[in-house]
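**Student:** Chain by chain, the residues:
Number of protein chains: 2
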Amino acid sequence: MGISKQIGQIIEKSSWIRKMFEEGARLKAIHGASNVFDFSLGNPNLEPPESFQRVLEQVVSEKRDGSHGYMANTGYPETRKAIADYLAAEQAIAYEADDIVMTCGAAGGLNIILKSILDPGDEVLTPTPHFVEYGFYVANHGGLLKTVPTTSEFRLDIAAFDEAIGERTKAVLINSPNNPTGQVYDASSLAALGELLRRKSDRYGRTIFLIADEPYRKIVFDGIEVPSVASVYGESLLTTSYSKDLSIPGERIGFVAVHPNSAHRKELGAALALTNRILGFVNAPALMQRVVARLQGECTDVAAYARKRQLLCDGLASFGYQFVKPAGTFYLFPKSPISDDVAFVRALQEERILVVPGSGFGGPGYFRIAFCVSDETIVNALPGFERVIRRF
Amino acid sequence: MGISKQIGQIIEKSSWIRKMFEEGARLKAIHGASNVFDFSLGNPNLEPPESFQRVLEQVVSEKRDGSHGYMANTGYPETRKAIADYLAAEQAIAYEADDIVMTCGAAGGLNIILKSILDPGDEVLTPTPHFVEYGFYVANHGGLLKTVPTTSEFRLDIAAFDEAIGERTKAVLINSPNNPTGQVYDASSLAALGELLRRKSDRYGRTIFLIADEPYRKIVFDGIEVPSVASVYGESLLTTSYSKDLSIPGERIGFVAVHPNSAHRKELGAALALTNRILGFVNAPALMQRVVARLQGECTDVAAYARKRQLLCDGLASFGYQFVKPAGTFYLFPKSPISDDVAFVRALQEERILVVPGSGFGGPGYFRIAFCVSDETIVNALPGFERVIRRF
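Protein chains in written order, with the numbering used here: chain S, 47 to 438; chain F, 47 to 438.
Honestly, the hints are just simulated from the structure, not real lab data.
Watch out, some of these pointers could steer you wrong.
Stated by the list, open to error - What follows is a list of derived Cβ distance ranges for each label pair:
| no. | chain 1 | residue 1 | chain 2 | residue 2 | range |
| --- | --- | --- | --- | --- | --- |
| 1 | S | Glu96 | F | Phe365 | 55 to 63 Å |
| 2 | F | Ala237 | S | Asp386 | 53 to 61 Å |
| 3 | F | Gln99 | S | Pro166 | 43 to 51 Å |
| 4 | S | Gly343 | F | Ala363 | 51 to 59 Å |
| 5 | S | Lys65 | F | Tyr250 | 31 to 39 Å |
| 6 | S | Ser107 | F | Asp421 | 25 to 33 Å |
| 7 | S | Tyr132 | F | Ser277 | 47 to 55 Å |
Unchecked claim - Below are the DSSO-like pairs computed for lysine-lysine, each with C-alpha atoms no more than 30 Å apart in a straight line:
| no. | chain 1 | residue 1 | chain 2 | residue 2 |
| --- | --- | --- | --- | --- |
| 8 | S | Lys371 | S | Lys192 |
| 9 | S | Lys74 | F | Lys127 |
| 10 | S | Lys59 | F | Lys312 |
| 11 | F | Lys312 | S | Lys74 |
| 12 | F | Lys65 | S | Lys312 |
| 13 | S | Lys65 | F | Lys312 |
| 14 | F | Lys59 | S | Lys312 |
Source: prediction; values computed, not measured.
Positions of the beta carbon are idealized from the N, C-alpha and C atoms, including for glycine.
Could you build the full structure based on these sequences and the hints that come with them?
**Tutor:** Listed below in structure tokens is the structure:
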């Protein structure tokens, strides 16, 4: 016996995804990377905005004493203050610096939130399809992820939540704009969810938190606005990262915001500081904390993602693919022309097109295209998409 | 009910440490920070070596496409290769790039190791006194930390390990040079530990891993060498960070090295890549990965720590304090003149001297002085140390 049984099982269970990636790597080795159309990863192809490089150089050149040393586990006061001020305007809620905890991205943020609130057996509900990592994050801290169906257009189904929430529900976790569907939950459904959570919290005599994972908030199209979760529910915990808006996912920088009206405001702050420390994050990377403090509101070229979306949607629609046009993110989640999405994804591989089966997101019968790739990749892949759908 | 019961209990139990820090903050507010002698934190006061700033500026100026994006969860191939090459020479073991996983510091490294190997109820043994976070790290992943006494000079007690290892023992975790004692375990005791672990693994029919947490490896004095753990035991997992040798603890960069002779080499590599991802680290910060790749073997000014050690040891010895002179690290762990180390630490606070009680490290009757402070802080604190020991 070597590694943990549980980890061994996860590796075993996800071996089909690994095989798919290995097949992609094999295709690239045979045909050359530029001749394989890789839509499988949410790694932004856009470079960070120019302001990022400028501020990065500035921060590095300042050479302040101790600027690479430890700070409080929650982060630099000036960074937390800059974020609180920005967020207060964005969410129309009076966030203060003490409500912000700097994290190693939103993945780090979700893990410290879950570690801070979950007791063994607690349940976390999330609408499907959902980001595949949520199940791991919840299980890491002794909880159980339960999925709740969405409507046919991937909108929140409040009746389904009403039915699913029970005495073990500790939190609802939503991700809007959504990976993998690209949908943005509208204000009225969020308000209804907030109302439902207040009612259920009263009924079960425990706070049910609403966790909003919002890394794609700034990647939206057609001038739409992402409604504020914090403004509809006081027991909400917001987490996000600068991975997508600044195109710096490798740098691992994000934050958690505790709602200033939470009845648990102070204990949540203490718990998040503790869990950030004991989970081994200790603190978010120092240099990037200084950088993002000066880049509040900055964003990469969303118009470029809008153009890619248009290219892809126009092409796929003309071949007969069915999908809900994404309102945000850089993902498209079309229906698989055959019910077996894994088989369809394999057929696309024969055209040197790499995508991820919806089954991986709790959304069988669909597949995910990450269109954060070059325009040429999209244009050159379209004939392959057409040939495959004709075969079925 | 808001936060997790378990987290609430940890916060409650550690409230005495928090109170101590709050008292320190209160003293600084009253007397001014420069008039309080703060030896409580292991935050290096030395700046990074000059080479760090030079390489950092170089890496930033290169502006390579995609250089802030995701890479494999294990890190950049070139960074892993540079580390494997350096480590192969240092440990006289043929490490390869694939054996290295880049992490968010050694704290991140320990968490992914423990998550990768522990099943519920597994025990991890560590010699006392020990770094206080180990208990949390092991508990995070369903394990139980059990402590094993050391000899009177804080050396490994192999007979005590022989007695303590049982069928639930999954790993032994050592930290040499040691926080808080500054001791370096000698080659013969490590060889004996390796031999014992082979015998016990055979007996219980399961691999008992040896985890070596080595962030202080380069901070040693009087020309001593830290013996290689990897060379005495093939089932060892090494983790370290650049926090202390490069004085960049806020940047969260380190790695885990799997022993190339491990019977579980391949599955450990897969497990570490997975746990790095699902615990929310995803990958070690990209920019710092590129920086440390070019700084293998670089170190801050250890002679400065040696000077601080001498100042402190000479002063305290002349007042009658008893201690084992540290062979490495920037910690001194003297005996408390009274058995109640917490009371003694409070008495030092009255002299505006902040240190940490040994009880916090499973070493009651002692206290820890972190001497990674300015020479003046040491010199100016000495009269206070003298006055307090005279009172008892």
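**Student:** Are the hints correct? Go through all of them and say.
**Tutor:** Cross-check of the supplied hints:
1. Against the hinted window of 55 to 63 Å, the Cβ-Cβ separation of S:Glu96 and F:Phe365 comes to about 59 Å, which satisfies the hint.
2. A beta carbon spacing of about 57 Å between F:Ala237 and S:Asp386 agrees with the range 53 to 61 Å that was offered as a hint.
3. Range check, F:Gln99 to S:Pro166: Cβ separation about 47 Å, and the 43 to 51 Å hint holds.
4. Judged by the Cβ atoms, the range 51 to 59 Å given for S:Gly343 and F:Ala363 holds: they are separated by roughly 57 Å.
5. As the Cβ distance of S:Lys65 to F:Tyr250 is approximately 35 Å, the hint placing it in 31 to 39 Å holds.
6. The hinted range of 25 to 33 Å is satisfied by S:Ser107 and F:Asp421, whose Cβ atoms lie roughly 29 Å apart.
7. Restraint check, S:Tyr132 to F:Ser277: a C-beta distance of roughly 52 Å satisfies the suggested window 47 to 55 Å.
8. With a C-alpha separation of about 26 Å, the suggested pair S:Lys371 and S:Lys192 falls inside the 30 Å cut-off, and the hint holds.
9. As the CA atoms of S:Lys74 and F:Lys127 are separated by approximately 23 Å, the hinted pair is consistent with the 30 Å bound.
10. Only pairs whose Cα atoms come within 30 Å are accepted, and S:Lys59 paired with F:Lys312 is accepted, the gap being roughly 17 Å.
11. Taking the CA atoms of F:Lys312 and S:Lys74, the gap is near 24 Å; set against the 30 Å cutoff, the hint holds.
12. In summary, the hint linking F:Lys65 to S:Lys312 is supported, as the alpha carbons are separated by about 16 Å, within the 30 Å threshold.
13. With a C-alpha separation of about 16 Å, the suggested pairing of S:Lys65 with F:Lys312 holds against the 30 Å cut-off.
14. A threshold of 30 Å between alpha carbons decides the hint, and for F:Lys59 with S:Lys312 the separation of about 17 Å falls inside it, so the pair holds.
This entry satisfies every hint, going by the numbered hints stated previously.
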